[in-house]
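*Asks:* Residue strings, one per chain:
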Amino acid sequence: GESVGLHLPTLSVQEGDNSIINCAYSNSASDYFIWYKQESGKGPQFIIDIRSNMDKRQGQRVTVLLNKTVKHLSLQIAATQPGDSAVYFCAEKGDGGATNKLIFGTGTLLAVQP
Amino acid sequence: DTGVSQDPRHKITKRGQNVTFRCDPISEHNRLYWYRQTLGQGPEFLTYFQNEAQLEKSRLLSDRFSAERPKGSFSTLEIQRTEQGDSAMYLCASSNSGRDTQYFGPGTRLTVL
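Keeping their order, the protein sequence lines are chains A and B.
Going by the working numbering, the final residue of the first sequence carries number 205, and the count climbs one at a time with no gaps.
Going by the working numbering, the final residue of the second sequence carries number 172, and the count climbs one at a time with no gaps.
What the hints contain is simulated information worked out from the structure, not anything from laboratory work.
Fair warning: there could be bad hints in the mix.
Cut-off 30 Å, straight-line C-alpha distance, at most; resulting in silico cross-link-like pairs (DSSO-like, lysine-lysine) [said to hold, decoys possible]:
{"hint": "1", "chain 1": "B", "residue 1": "73", "chain 2": "A", "residue 2": "133"}
{"hint": "2", "chain 1": "A", "residue 1": "159", "chain 2": "A", "residue 2": "147"}
{"hint": "3", "chain 1": "B", "residue 1": "116", "chain 2": "A", "residue 2": "162"}
{"hint": "4", "chain 1": "A", "residue 1": "147", "chain 2": "A", "residue 2": "162"}
{"hint": "5", "chain 1": "B", "residue 1": "70", "chain 2": "B", "residue 2": "116"}
{"hint": "6", "chain 1": "A", "residue 1": "162", "chain 2": "A", "residue 2": "133"}
{"hint": "7", "chain 1": "B", "residue 1": "70", "chain 2": "A", "residue 2": "133"}
{"hint": "8", "chain 1": "B", "residue 1": "73", "chain 2": "B", "residue 2": "116"}
{"hint": "9", "chain 1": "A", "residue 1": "159", "chain 2": "B", "residue 2": "116"}
{"hint": "10", "chain 1": "A", "residue 1": "133", "chain 2": "B", "residue 2": "116"}
{"hint": "11", "chain 1": "A", "residue 1": "147", "chain 2": "A", "residue 2": "133"}
{"hint": "12", "chain 1": "B", "residue 1": "130", "chain 2": "A", "residue 2": "133"}
{"hint": "13", "chain 1": "B", "residue 1": "116", "chain 2": "B", "residue 2": "130"}
{"hint": "14", "chain 1": "B", "residue 1": "130", "chain 2": "B", "residue 2": "70"}
Using the sequences provided together with the hints, build the complete structure.
*Replies:* As structure tokens, this is what we get:
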């Protein structure tokens, strides 16, 4: 049967510091990547996305970096606030457009200390 | 707020019962997705509709699961003969064709006793 991992990787930061959350993706044919924030008991909330023809994209207080060579994605949050505390998921849309499903990573728990 | 809505938000049922969940997508979105999420895991894709056509189904979607989107607007997900292993959060998302961003609803938390 499927095992359930209850112990998420955790990143603990001080309020006001910058946070970097990392993600490794699996499919080199993936052409679209997206970050979601999920608070307890709620659905995932869209943060920022990036297409595979870009290396970097910036939003308000957030930046996503894509390194296709090593299949790595990161989310940078500037001046982290207590309201940023949540689980963060990266997801990829793979197979060069042959599918519309998102494949999610494990998730990282961001804990912001006041 | 005209985001994705799901009903009910919570459902407790006994093993062997049938349950049905509803999802209303963002009004102008023609694509609708169902995902399942268990504790500590990321969402897992179940199925996807474009308008009323069901275009993709995961192997996770056993024959006890059926999804419909009869008029290309809201969708229902039915689970027949529920099992304890079906306990999870069932998430719905929607998007527009031509744009990949999927927006999620609040989910339906299913507990099978």
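*Asks:* Give a verdict on every hint.
*Replies:* Quick rundown of the hints versus the structure:
Restraint check for residue 73(B) and residue 133(A): the C-alpha separation of about 24 Å stays at or below 30 Å, so the hint holds. Taking the CA atoms of residue 159(A) and residue 147(A), the gap is near 11 Å; set against the 30 Å cutoff, the hint holds. As the CA atoms of residue 116(B) and residue 162(A) are separated by approximately 26 Å, the hinted pair is consistent with the 30 Å bound. Annotation: proposed proximity of residue 147(A) to residue 162(A) holds, straight-line Cα distance about 14 Å (limit 30 Å).
A hinted pair counts as satisfied when its Cα atoms are at most 30 Å apart, and residue 70(B) with residue 116(B) qualifies at roughly 24 Å. Proposed proximity of residue 162(A) and residue 133(A) is supported: the alpha carbons are some 29 Å apart, at most 30 Å. Of the pairs offered as hints, the one joining residue 70(B) and residue 133(A) holds, with about 15 Å between alpha carbons and a cut-off of 30 Å not exceeded. A distance of roughly 26 Å separates the Cα atoms of residue 73(B) and residue 116(B); the hinted pair therefore holds under the 30 Å criterion.
For the hint linking residue 159(A) to residue 116(B), the alpha-carbon distance of about 28 Å falls within 30 Å, and the restraint holds. At roughly 24 Å between alpha-carbon atoms, residue 133(A) and residue 116(B) fall within 30 Å of each other, so this suggested pair holds. Proximity of residue 147(A) to residue 133(A) is assessed by CA-CA distance (about 28 Å); at most 30 Å being required, the pair is judged to hold. A C-alpha spacing of about 27 Å is found between residue 130(B) and residue 133(A), which places the hinted pair at or below 30 Å, so the restraint holds.
Taking the CA atoms of residue 116(B) and residue 130(B), the gap is about 19 Å. The hint holds against a cut of 30 Å. At most 30 Å may separate the alpha-carbon atoms for a hinted pair to count; residue 130(B) and residue 70(B) meet this at roughly 25 Å.
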